[in-house]
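Colleague: Since the structure of chain A is already known, use the hints to place chain B on it.
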Amino acid sequence: EPEVTQTPSHQVTQMGQEVILRCVPISNHLYFYWYRQILGQKVEFLVSFYNNEISEKSEIFDDQFSVERPDGSNFTLKIRSTKLEDSAMYFCASSVGGFYSGNTIYFGEGSWLTVV
Amino acid sequence: GQQVMQIPQYQHVQEGEDFTTYCNSSTTLSNIQWYKQRPGGHPVFLIQLVKSGEVKKQKRLTFQFGEAKKNSSLHITATQTTDVGTYFCAGPGAGNNRKLIWGLGTSLAVNP
Numbered sequence: 001e002p003e004v005t006q007t008p009s010h011q012v013t014q015m016g017q018e019v020i021l022r023c024v025p026i027s028n029h030l031y032f033y034w035y036r037q038i039l040g041q042k043v044e045f046l047v048s049f050y051n052n053e054i055s056e057k058s059e060i061f062d063d064q065f066s067v068e069r070p071d072g073s074n075f076t077l078k079i080r081s082t083k084l085e086d087s088a089m090y091f092c093a094s095s096v097g098g099f100y101s102g103n104t105i106y107f108g109e110g111s112w113l114t115v116v
Numbered sequence: 001g002q003q004v005m006q007i008p009q010y011q012h013v014q015e016g017e018d019f020t021t022y023c024n025s026s027t028t029l030s031n032i033q034w035y036k037q038r039p040g041g042h043p044v045f046l047i048q049l050v051k052s053g054e055v056k057k058q059k060r061l062t063f064q065f066g067e068a069k070k071n072s073s074l075h076i077t078a079t080q081t082t083d084v085g086t087y088f089c090a091g092p093g094a095g096n097n098r099k100l101i102w103g104l105g106t107s108l109a110v111n112p
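First to last, the protein sequences are chains A and B. So that you can map any letter, position 12 of the first sequence is 12 in this note's numbering, and since no number is skipped, the others follow by simple counting. So that you can map any letter, position 66 of the second sequence is 66 in this note's numbering, and since no number is skipped, the others follow by simple counting.
The hints are simulated quantities; they were obtained by calculation from the structure and are not laboratory data. Every residue gets a Cβ at the ideal spot worked out from N, C-alpha and C, and that includes glycine. Don't take every hint at face value.
Said to hold, decoys possible - Where chain A lies over chain B, by a calculated footprint (3+ residues, C-beta under 8 Å):
1) 40-50
2) 99-112
What the hints assert, rightly or not - In silico SDA-like links for lysine to any residue, alpha-carbon gap of 25 Å or less:
3) 57/A - 37/B
4) 42/A - 107/B
5) 36/B - 30/A
6) 59/B - 3/A
Extracted from the complex, chain A is given alone in its bound form (with noise of 0.2 Å):
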């Protein structure tokens, strides 16, 4: 079965420095999502990304974040001072088509982020 991939797996990172998390979505897929996990609490919406723009971001997606389609694979995360309260899990997702036609969202594995 086809899967979103991301890397890295585990990243520990002081506050303030810049973290770039990169995922590849699975290959036909055509929206692609971040969201985050904070230990213990529930999935939170970051940002989607459609036609290499961002289509929809929360109010946790604020000036420090920022996502990029490099090339015709990745789909980075760059937070670029990170704070304390970024720690967390961040999943990348990504879908063939959006929620309203049954099209299925795949997570991949997601990559923890330590900030010390």
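Modeller: Okay, now just chain B, sitting in the frame of chain A:
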């Protein structure tokens, strides 16, 4: 803002007992999705319900979507230890099909 609530937050059952988790949205949903997350794992899509009053079954799992499309339930018959995990419901954000609003999840523990 739009909220999706789930109860209970935790459930501890003996293997073989049934389990139900309930999901309620503050707004009408175009569809609702259920995910399972094993401890330390990532969310895995289980099912999507679209129609009012829809009922779908996957082996021992029964999913229902309320008539008003604001609530949903997941029922597991005769739980097994492999059912352990957190079950999340999620629905599209109002007016947008590309953002999922998630419930807090129900964590299920099963005693063998």
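Colleague: Look at each hint and say if it fits the structure.
Modeller: Cross-check of the supplied hints:
1. Counting residues of the segment 40-50 of chain B whose C-beta sits closer than 8 Å to any C-beta of chain A gives 7, which meets the bar of three, so the coverage hint holds.
2. Counting residues of the segment 99-112 of chain B whose CB lies closer than 8 Å to any CB of chain A gives 7, so the stated coverage by that chain holds, three being the minimum.
3. At roughly 24 Å between alpha-carbon atoms, residue 57/A and residue 37/B fall within 25 Å of each other, so this suggested pair holds.
4. At roughly 11 Å between alpha-carbon atoms, residue 42/A and residue 107/B fall within 25 Å of each other, so this suggested pair holds.
5. At most 25 Å may separate the alpha-carbon atoms for a hinted pair to count; residue 36/B and residue 30/A meet this at roughly 24 Å.
6. Under the criterion of a C-alpha separation no larger than 25 Å, the hint pairing residue 59/B with residue 3/A is consistent with the structure, at around 24 Å.
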